[in-house]
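Turn these sequences into a full structure, and let the hints steer you where they fit.
The number in our numbering is simply the position in the sequence shown, starting from 1, with 51 added.
Warning: the hint list may mix true and false statements.
Cβ pair distances, simulated, as ranges [as the list claims (entries may be wrong)]:
1) HIS106 - ARG57: 35 to 41 Å
2) ASP74 - THR110: 34 to 40 Å
3) ARG57 - TYR79: 32 to 38 Å
4) ARG57 - GLY80: 35 to 41 Å
5) THR85 - THR58: 35 to 41 Å
I should point out that these hints are in silico values taken from the structure, not numbers from a laboratory.
Remember, predicted model here, so these are calculated numbers, not experimental data.
From the three backbone atoms N, C-alpha and C, an ideal C-beta is built for every residue, glycine too.
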Amino acid sequence: MPASRRTRRPNIILLGIDSLRRDHMSCYGYHRQTTPHIDRFAQEAALFEQTISAHIPTTSAYASMLTG
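Shown next as structure tokens:
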């Protein structure tokens with residue numbers, strides 16, 4: 052298929068980190084510089100302000116994120 056007919060798909064990176072608290076991340080307003088690399092990435096990425104986990108255990112939460 053010619054490049055002109057292809058639909059451009061977005062680049063998606065899903066960061067999954069166990070036991071990382073939003074209230075201790077500087078990109079979400081924490082007063083100390085705790086996550087400098089994530090902060091730099093978040094400046095140009097979509098940063099979600101309100102998310103809810105479908106499950107408490109990490110394994111089942113990941114299964115829910117990846118399968119719906």
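Evaluation of the provided hints:
no.	hint	in the structure
1	HIS106 - ARG57: 35 to 41 Å	37 Å, holds
2	ASP74 - THR110: 34 to 40 Å	24 Å, violated
3	ARG57 - TYR79: 32 to 38 Å	36 Å, holds
4	ARG57 - GLY80: 35 to 41 Å	40 Å, holds
5	THR85 - THR58: 35 to 41 Å	38 Å, holds
Hint compliance for this structure: hint 2 alone is broken.
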